[in-house]
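For chain L, the structure is supplied; the task is to place chain P on it using the hints.
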Amino acid sequence: MSLPILSMILFAPIVGVAVITCLPQTAGRMIKMVAGGAMWVCFFLASLMFVNYDWRVGGVQFIEQLAWLPDAGASYSLGVDGISAPLTLLMSVVGLSGIYSSWRIDKRIKEYFILFLLLVAGVAGAFVARDLLLFLLFYEVVVIPMYILIVVWGSTKRVTKEYAGMKLVVYLLIGSGFMLAGVFMLYVLANPAGQRTFDMTVLSQIGQSGVIPAQQQIISFFLMMLGFATLASMWPFHYWSPDGHAGAPTAVSMVHAGLLKKLGAYGLLRVGLLMVPVGFKFWAPMMAAFGMMSVIYAAFICLTQSDMKYMVGFSSVSHMGYIVIGIATADVIGLNGAVANMFAHGIMTALFFSMIGHVYNTAHTRDIKDLGGLAHQMPKAAVGFMIAGMASLGLPGLLSFVAEFTIFTGTFATYPVVAVLAISGIILTALYVLRALADVLFGPRLTKWDALPDLKAPEMVPLVLLAAFLIGFGMFPSLLMNVINSGIEPLTPLLVKIKTAATLCGGL
Amino acid sequence: MWAEFSLTHAWLIPLLPALAFVLISFFLLSSPWLASRLAIAAMGSSFILALGAAAAVLTQGITVEAPFVMKTVWFSMPGLSVDMGVLVDPIAATLLFVVTLITLLVLIYSTGYMAGDPGYCRFFAFISLFAASMLGLVIATNFLQMFVFWELVGLCSYLLIGFYFFKVSAREAGKKAFMTTRIGDFGLLLGILLLQITFRTLDFAELAVKVPAYVAENGAASLTFIAILIFIGPVAKSGQFPLHVWLPDAMEGPTPVSALIHAATMVVAGVYLIARSFAIFSVLPGALTVIAWLGVFTALFAAFIALTQREIKRILAFSTISQLGFMMLALGVGSLTSSMFHLMTHAFFKALLFLGAGSVLHALHDQADIFQMGGLRKSMPATCLMMGTAVLAIAGIPPFAGFFSKDEILVAAAHVSTPIYLLASLAAFMTAFYMARLFILTFLGKPNPHNHPHESGLAMLVPMGVLAVLSVVGGIIPFAMGFGEWVRFGPAHHAGIDWAVAGASTVISLLGFALAWYIYGGGHTRSNDLTIKTGALYTWSFNKCYVDEIYQWFNRTFVGGLARLSFWIDIHALGAVVDNAWRGTGAAGSEMRRLQTGQMQQYAAVMLSATVVLVILLAALTGSLVKGGQI
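Line order of the protein sequences matches chains L and P. Residues in the first sequence are numbered from 1 upward in steps of one, following the working numbering. Residues in the second sequence are numbered from 1 upward in steps of one, following the working numbering.
Looking at chain L on its own, in the form it has when it is part of the complex (with noise of 0.2 Å):
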């Protein structure tokens, strides 16, 4: 295909930008229709992408590539495979809903929308660029705006919002610094000086070639984890997540929830595993272990929570925890899971978290206490309540349940005890949603409640689509399981030589 339609869905979101800076600050409703107009283009474009992905084929596709920096070996590079489409696509899903979730902003109108469409582009930029360096930039791009997003517009409950927004940057920064280090260790020690390249392909290759001394793959790999599981919220490296959602505003926690972490497990992933094997493989164990901590930790937090959007916030803990696992693994089994997982967990959180910001916005409360009966006054918004809290304890017919089945299988094999204690977290999941959604959406009519607005019609847009790519995917789960195992399948030799490596560098 002869268009650019990575750049394309890189670029509608800046596009976006540039207009509404023109906008004057007044122009609220224009401002909105603008960044809207951005986000159906971007969602538009992603979704030719992802249909018109070849998995048959497989491999990189769409790839695009223009010099940047020819001394450092970096390249505006990009491309995507059977890992970064489908993550692509959530990418446009999730912020044409949080678009659509912000309606009800009045403040600072044309700000907001800014900082919002460049922390989107930011994801998009990370998932789509098959340059490290590219990678880094992005990667590293998004926690400003979220920083500003979250104190200017955020909410003050348990902690103030000031304290969530520094938290999150302070914890995001040091993880980054460690897994920068981390990359360019690895970017020096694959090749020689002159000779050095950011190409990822290139890099992966050259990782899986065994170039790189076991000892310091091991380093790497762990400089990269403290940054990279940091963002995935993997206990005990969770602290700053759900003081970063309950802080933040509805739109932002749910590209944080939905987007970023799954951006940290991609790092994992897409560095981690494929360019340091050895020391992947060294730290695998330890990172099944924090994972099944992550799931069962976060979920017993759950019931404790009052404040919804803080019970969602661990819960995603919770839930990164299956999705760590899954690409600890390293079983092919697995790492679909976790993939498809990215993607079912990125869809339901937003969902959760849409639906929650538009009790905050009309009730102004989002304490589980304080509410009660809502299906009465706002019924809409309680079938997406439904169908996000099924999604969360893994009903099948939505796609959650076909990522988890996957991951457990894939886990089942390899860490059995791990896998045994992770699935009992869906007991726990079942008990915390059950109760939230009970008190929150069921009981008596509460006449305090009475004068609530139920979704409108642009609030229906982020139910709608999310609903239907839960239902839509979670019954014809080969559409999307295609096409990510087109991206795990290759891997195949890599992960039979990391299962039955006998010492940590023999046969890489």
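In case anyone wonders, no lab produced these hints; they're calculated from the structure. Any given hint could turn out to be false.
Facing chain P, a subset of chain L residues (Cβ under 10 Å, in silico) [stated by the list, open to error]:
| hint | residue |
| --- | --- |
| 1 | 236 |
| 2 | 242 |
| 3 | 303 |
| 4 | 402 |
| 5 | 412 |
| 6 | 419 |
| 7 | 430 |
| 8 | 442 |
Cut-off 27 Å, straight-line C-alpha distance, at most; resulting in silico cross-link-like pairs (DSSO-like, lysine-lysine) [claimed, not checked]:
| hint | chain 1 | residue 1 | chain 2 | residue 2 |
| --- | --- | --- | --- | --- |
| 9 | L | 448 | L | 157 |
| 10 | P | 446 | P | 533 |
| 11 | L | 499 | L | 456 |
| 12 | L | 369 | L | 456 |
| 13 | L | 456 | L | 110 |
| 14 | P | 167 | L | 369 |
| 15 | L | 380 | L | 456 |
| 16 | P | 446 | L | 380 |
| 17 | P | 167 | L | 448 |
Glycine included, every Cβ here is placed at the ideal spot set by N, Cα and C.
Just chain P, lined up with the frame of chain L:
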């Protein structure tokens, strides 16, 4: 032609009600007449197709060994391939017939029972989805497909039990049903995963070949463990002890839902799962023993509780648990035929009992305590007659339906284990007693002057009539037609009545009736005396042996405790470390700031001393390097 079409289009049987659900949810939520008619039309078509499929099974020689299968890949990757498909054999055909028939009758009944309810359309949508999920489960070709629909059945039961979501009790009951079955699903999911890991397939047909070979080679120990894990799923779904607690509360839903849950959908799913995968269980005697004993214990335990309950639907709920225990015990003693037979006859008379109870509650404006009823035979003769039929059927009086199926279970049990047979007979005695108690207190005796009952309308009575007829002939006709020749596992089961067992069980049931008549026949005095005399036993039975309380205590203490502990750690341990480290950085920063005094002399002094130190260090360093010959 019709049979052939039905068989090859058997996938339409669950699809039609599913479509009805979608159409009602999206377009017909405010047109009750159309919504109910659409649901009934879809279900009726499914019923006709199910009949056709059953006819095809009989005429085309489809047996348990050679089922009709068609399937397609749902999703696949290297090492994991999952199908969705249709499997029709005599077992599935029986269930298809029962489920579509009962659901159809319940839908027709509901047009009368639910009339005027604000959630009328939602009700018909949910029931359609409920039936669709159950039918999808029945025709599953593999464990994962079964699990998918199994969970959807669970979702629908949650939605329907909590149908009156504005009632706190209904909301809690729905949650409890979902939660309890979730515990079972945990075991089931583990079992399924272990099967997938061990055999690389979840297909029933493939497992039926691979499992016996595996047992012959590796022994039964590990597979018995897997089988028991799988069995936890049915324990929860089919209300076996100790995961039965959700079923009595499930009556919070509208009464037609109770009829569906207790008769055709949901609870029999567990029994069906064991039957479907009987090729696995049959080679694992250890697992079968567990199933048999848990079944008979549940049958006894639930019957014991049913003896003293006062709410009409609650008695029926415990009766369901008890009867499910019979079905499980039948499977446990290796008689798939009698289990499926009892499943079918039980579906007829239990649906009738619940619809009859609904008719009574409708007439008495939801007065549910049977001690406040009495004398309804005059005001509700049709309901009384049909309920009476159902009571005779469930007590196993010949020639009613329950007699044949229960007799087969007892015969099978007697062949395997005398203690199980005796305990099952005791449960049968209690069944006859509490059902007679219910009937006597409700319909006989003096009318309660506070009640102003009226007979229900035709929409409710006609479906009950159909079920009443089936409760009479639903046992003898299949029996005469050779049910056991078709629905079986292993060699054909030769139908015949063991007169010793049959006679004994009939006498036992009649004794139960007699005892009930003696106690409750003449007013409440004798029963009140008995309540006082039996003291502790009565209290235990009436309080359902405190199983609920034990769960609540466990949940509060352990789950809640761990939850609070985790949160405490997060805030006070992990959080404290991070926040203190942060404050430490801040403190270090302010210390550092003191160095920036802005005094030139100070800076100059520091620079000078630093230079001196550096020069000396460098000199020493280069010296050592030169000595080493490196430069």
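Review point. Regarding the pair residue 446 of chain P and residue 533 of chain P, is the alpha-carbon distance no greater than 27 Å?
Key: With a Cα-Cα distance of about 25 Å, the restraint between residue 446 of chain P and residue 533 of chain P holds, given a limit of 27 Å.
Point to revise | Agreement of residue 446 of chain P and residue 380 of chain L with the hint, judged by alpha carbon distance not exceeding 27 Å | key: 50 Å, violated
Exercise for review: For the hint on residue 236 of chain L, just tell me whether its beta-carbon gets within less than 10 Å of chain P.
Suggested key: At about 6 Å, which falls below the 10 Å cut-off, the nearest Cβ of chain P leaves the hint on residue 236 of chain L intact, so it holds.
**Study point:** Restraint check for residue 369 of chain L with residue 456 of chain L, where alpha carbons must lie at most 27 Å apart
**Key:** 26 Å, holds
Point to revise | Hint check: 10 Å Cβ-Cβ cutoff, residue 242 of chain L to chain P | key: Since chain P brings a Cβ to about 8 Å from residue 242 of chain L, closer than 10 Å, the hint holds.
**Study point:** Per-residue hint verdict: residue 303 of chain L, partner chain P, C-beta under 10 Å
**Key:** 4 Å, holds
**Study point:** Hinted pair residue 167 of chain P and residue 448 of chain L, Cα distance within 27 Å
**Key:** 18 Å, holds
Check your understanding: Straight-line Cα separation of residue 456 of chain L and residue 110 of chain L no greater than 27 Å?
Key -> 22 Å, holds
Check your understanding: Going by Cβ atoms only, is residue 430 of chain L closer than 10 Å to chain P?
Key -> 4 Å, holds
Point to revise | residue 412 of chain L as an interface hint toward chain P, with CB separation required under 10 Å | key: This hint holds: residue 412 of chain L lies near chain P, its Cβ roughly 5 Å from the closest one there, short of 10 Å.
Review point. Residue 499 of chain L and residue 456 of chain L: Cα distance at most 27 Å?
Key: 53 Å, violated
Check your understanding: Regarding the pair residue 380 of chain L and residue 456 of chain L, is the alpha-carbon distance no greater than 27 Å?
Key -> Roughly 9 Å separates the two Cα atoms, so the pair holds.
Hints 11 and 16, counting from the list given before, are not met by this structure.
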